[in-house]
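Enquirer: Here's the letter readout for the chains.
Protein chains: 2
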Amino acid sequence: MGLILALDFGGTKLTAGVADTAVYHTHDLIWQAHKRVFSPADGNAQVDLATMAALGRELLAGERATAVGVSFGGPADYHTGVVRLSHHVAGWEETPLQQQLEGLFAAPVGIDNDANIAALGEWRFGAGQGLADLLYITVSTGVGGGWILGGRPYRGHNSMAGEIGHTAVDPDGPVCLCGKRGCVERLASGPYMAADLADALKLPENEIAGQDVAEMAAWGDEAAMLILQRGAWALGVGIGNAANLMNPERVILGGGVTKAGAAWWEKVRQTAHQTALPQVQFDIVPAALGDDAPLWGAVALVEENGN
Amino acid sequence: MGLILALDFGGTKLTAGVADTAVYHTHDLIWQAHKRVFSPADGNAQVDLATMAALGRELLAGERATAVGVSFGGPADYHTGVVRLSHHVAGWEETPLQQQLEGLFAAPVGIDNDANIAALGEWRFGAGQGLADLLYITVSTGVGGGWILGGRPYRGHNSMAGEIGHTAVDPDGPVCLCGKRGCVERLASGPYMAADLADALKLPENEIAGQDVAEMAAWGDEAAMLILQRGAWALGVGIGNAANLMNPERVILGGGVTKAGAAWWEKVRQTAHQTALPQVQFDIVPAALGDDAPLWGAVALVEENGN
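Line by line, the protein sequences give chains A and B.
52 is the number that this note's numbering gives to position 52 of the first sequence; each next residue is one higher, with no gaps.
For this note's numbering, count along the second sequence from 1 and bump the result up by 307.
Keep in mind the hints are simulated off the structure, nothing from the lab.
None of the values given here were measured: they were computed from a predicted structure.
C-beta atoms are modelled at their ideal positions from N, C-alpha and C, and glycine is treated no differently.
Be careful, since some hints might not be right.
Simulated restraints on C-beta separations [unchecked claim]:
hint: 1; chain 1: B; residue 1: E522; chain 2: A; residue 2: E207; range: 55 to 63 Å
hint: 2; chain 1: A; residue 1: K259; chain 2: B; residue 2: H394; range: 39 to 47 Å
hint: 3; chain 1: A; residue 1: D283; chain 2: B; residue 2: L392; range: 32 to 40 Å
hint: 4; chain 1: B; residue 1: G369; chain 2: A; residue 2: T80; range: 53 to 61 Å
hint: 5; chain 1: A; residue 1: E222; chain 2: B; residue 2: H394; range: 53 to 61 Å
hint: 6; chain 1: A; residue 1: V37; chain 2: B; residue 2: E573; range: 36 to 44 Å
hint: 7; chain 1: B; residue 1: R371; chain 2: A; residue 2: G179; range: 54 to 62 Å
hint: 8; chain 1: B; residue 1: Q581; chain 2: A; residue 2: D283; range: 28 to 36 Å
Computed list of lysine-lysine pairs in DSBU-like fashion (alpha-carbon distance at most 35 Å, straight line) [what the hints assert, rightly or not]:
hint: 9; chain 1: B; residue 1: K566; chain 2: A; residue 2: K267
hint: 10; chain 1: A; residue 1: K259; chain 2: B; residue 2: K487
hint: 11; chain 1: B; residue 1: K566; chain 2: B; residue 2: K487
hint: 12; chain 1: B; residue 1: K574; chain 2: B; residue 2: K487
hint: 13; chain 1: A; residue 1: K13; chain 2: A; residue 2: K202
hint: 14; chain 1: B; residue 1: K574; chain 2: A; residue 2: K267
The whole structure should be built from the sequences, with the hints applied where relevant.
Expert: Structure (structure tokens):
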């Protein structure tokens with residue numbers, strides 16, 4: 001028990017929070033201290049780490065953290081505590097972040113990638129409380145997932161589980177950055193839908209952002225509606241396939257694309273349940289924790305009863 | 308420790324074995340007694356149960372079993388001990404098989420469906436020994452799977468996990484009995500491949516059996532080769548998707564279709580690894596236990612350190 005320092009290394013933002021276990025265990029989820037800064041555009045891993053270290057020390061204000069939980073926005077290995085790389089910030093390759101933070105804060109440190117952390121946060125504090133088996137999916141600039149199975153996080157043989165974005169649902173679909181055709185991420189993520197809409201409207205690629213697709217679909221733009229529905233279909237097939245394979249009780253969706261409106265949710269749910277066998281029971285609900293999900297997940301990771 | 312009675316309710320065969328824990332723990336996998344009989348064509352659940360009860364008593368020869376493990380060839384729920392139904396034999400609907408056998412043999416009984424049982428058998432005694440995370444798939448009259456995750460069987464929220472046969476891999480594929488297009492089972496199972504080949508050759512549907520497809524492909528029949536390769540492709544995509552989602556260390560394949568030859572295996576492996584992200588490490592190997600896999604899995608289910 002005591003103060004837990006939670007750190008969220010996002011692609012463009014660095015956020016820290018201090019939570020008092022005696023407070024959030026008995027009251028609402030509130031931070032003793034909380035601060036978010038933008039990562040400098042020309043930054044690198046060293047700058048981010050120094051910024052985060054200063055942020056943590058500032059929020060702790062001379063107190064000692066009993067543990068430090070870390071969400072990393074990219075491939076990071078819970079078991080080794082090493083960051084493999086960041087797709088957004090240079091210089092993170094094979095960084096022993098857990099070890100470095102243990103040196104800086106003189107406390108035990110746990111790290112994991114943001115999708116696993118968000119799954120943990122929703123399970124412990126959000127839309128998945130009390131469930132044994134759940135799949136969390138973020139549908140945002142990418143599509144990634146995290147599992148709670150049998151009442152504990154499941155990460156896989158070499159910490160790569162949850163890559164639902166790169167499950168293939170259409171062999172005749174467009175080519176994904178990963179090289180395959182018809183990946184869920186290629187069809188359902190914000191930037192890919194935006195690029196496809198720009199292409200359909202013969203606009204330069206960066207004229208349209210992810211959130212524009214949903215907005216234009218809401219206005220009744222045919223091309224936007226088709227692309228958004230195709231994305232919802234692809235995600236629905238991915239979820240239905242995952243449900244057939246793993247039979248989770250609940251699928252929780254977070255990330256910017258989940259703000260795309262009722263028609264998007266309806267298509268995702270309908271397709272997922274058509275894809276799953278009728279005996280495979282599950283529901284699909286929105287994430288509950290919002291922007292602070294990674295921080296609360298990081299708290300859950302290093303609680304005494306966590307991991 | 309002591310004698311374990313293992314029972315395998317197959318679709319057409321009933322098999323029983325008695326294993327002595329002191330023997331198979333220290334020596335090879337050998338049965339103290341073992342017998343297989345065919346299920347009568349006009350039989351039903353009651354006849355099968357009576358036949359199996361007699362078989363078990365005969366093999367035990369007056370000794371008492373310390374536990375009874377059961378593999379059921381159809382939907383059966385480990386947690387409740389209830390058989391949901393059989394797709395081959397009438398009258399199994401909602402049968403409390405565990406309870407009935409506990410009455411008959413005065414011993415604790417564990418039951419599970421054949422795919423989960425085979426996964427357990429391969430993990431404990433076969434091609435998956437010592438691994439924490441594996442997927443077993445039977446490719447036979449149907450396509451079904453069973454999971455070992457984190458060093459224990461994983462069955463899902465309502466015991467439906469493992470339905471890899473009904474994951475969808477091609478939205479333009481042929482329609483499966485489940486109502487969807489392009490299920491792995493629709494493309495990769497023996498009877499469906501045989502039906503497609505009969506259709507291509509304009510023969511009556513029951514002129515061609517599952518094993519004929521592989522044989523005709525080996526002779527160089529173009530239509531048979533295409534259908535077999537398409538089946539291997541579908542299974543490979545299903546395995547690659549499962550690997551991206553769950554990152555098991557090993558995928559083990561059993562069932563009659565896995566005898567289809569080197570070209571089939573090559574296509575399955577190649578497609579699976581192309582579908583999975585490069586960082587997702589796994590291998591695909593044949594099952595080791597052969598026809599007795601369900602019985603050894605049933606033994607593993609009720610061992611003291613089992614389940």
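Enquirer: Within 53 to 61 Å or not, the Cβ separation of G369(B) and T80(A)?
Expert: holds (56 Å)
Enquirer: Is it true that Q581(B) and D283(A) lie within 28 to 36 Å of each other by Cβ?
Expert: holds (33 Å)
Enquirer: Can the suggested window of 32 to 40 Å be confirmed for the beta-carbon pair D283(A) and L392(B)?
Expert: violated (25 Å)
Enquirer: Is it true that the CA of K259(A) sits at most 35 Å from the CA of K487(B)?
Expert: holds (29 Å)
Enquirer: Is the gap between the beta carbons of E522(B) and E207(A) within 55 to 63 Å?
Expert: holds (58 Å)
Enquirer: Between K259(A) and H394(B), does the C-beta distance stay in 39 to 47 Å?
Expert: Holds, since K259(A) and H394(B) (Cβ atoms, about 43 Å apart) stay within the stated range.
Enquirer: Against the 35 Å threshold, does the CA-CA distance of K566(B) and K267(A) hold or violate the hint?
Expert: Answer violated: K566(B) to K267(A) is near 41 Å, above 35 Å.
Enquirer: Please work out if K566(B) and K487(B) have their alpha carbons no farther apart than 35 Å.
Expert: holds (27 Å)
Enquirer: Given the hint of 54 to 62 Å, check if R371(B) and G179(A) actually sit that far apart at their C-beta atoms.
Expert: Since R371(B) and G179(A) have Cβ atoms about 59 Å apart, the given range 54 to 62 Å holds.
Enquirer: Given the hinted pair K13(A) and K202(A), is their alpha-carbon gap at most 35 Å?
Expert: Given pair K13(A), K202(A) holds - Cα atoms ~32 Å apart, limit 35 Å.
Enquirer: Mind checking the hinted window 36 to 44 Å against the Cβ distance between V37(A) and E573(B)?
Expert: At roughly 53 Å between Cβ atoms, E573(B) and V37(A) fall outside 36 to 44 Å, so the hint is violated.
Enquirer: Next pair to validate is K574(B) with K487(B); report whether the Cα-Cα distance is within 35 Å.
Expert: With a Cα-Cα distance of about 24 Å, the restraint between K574(B) and K487(B) holds, given a limit of 35 Å.
The structure shown violates the earlier hints numbered 3, 5, 6 and 9.
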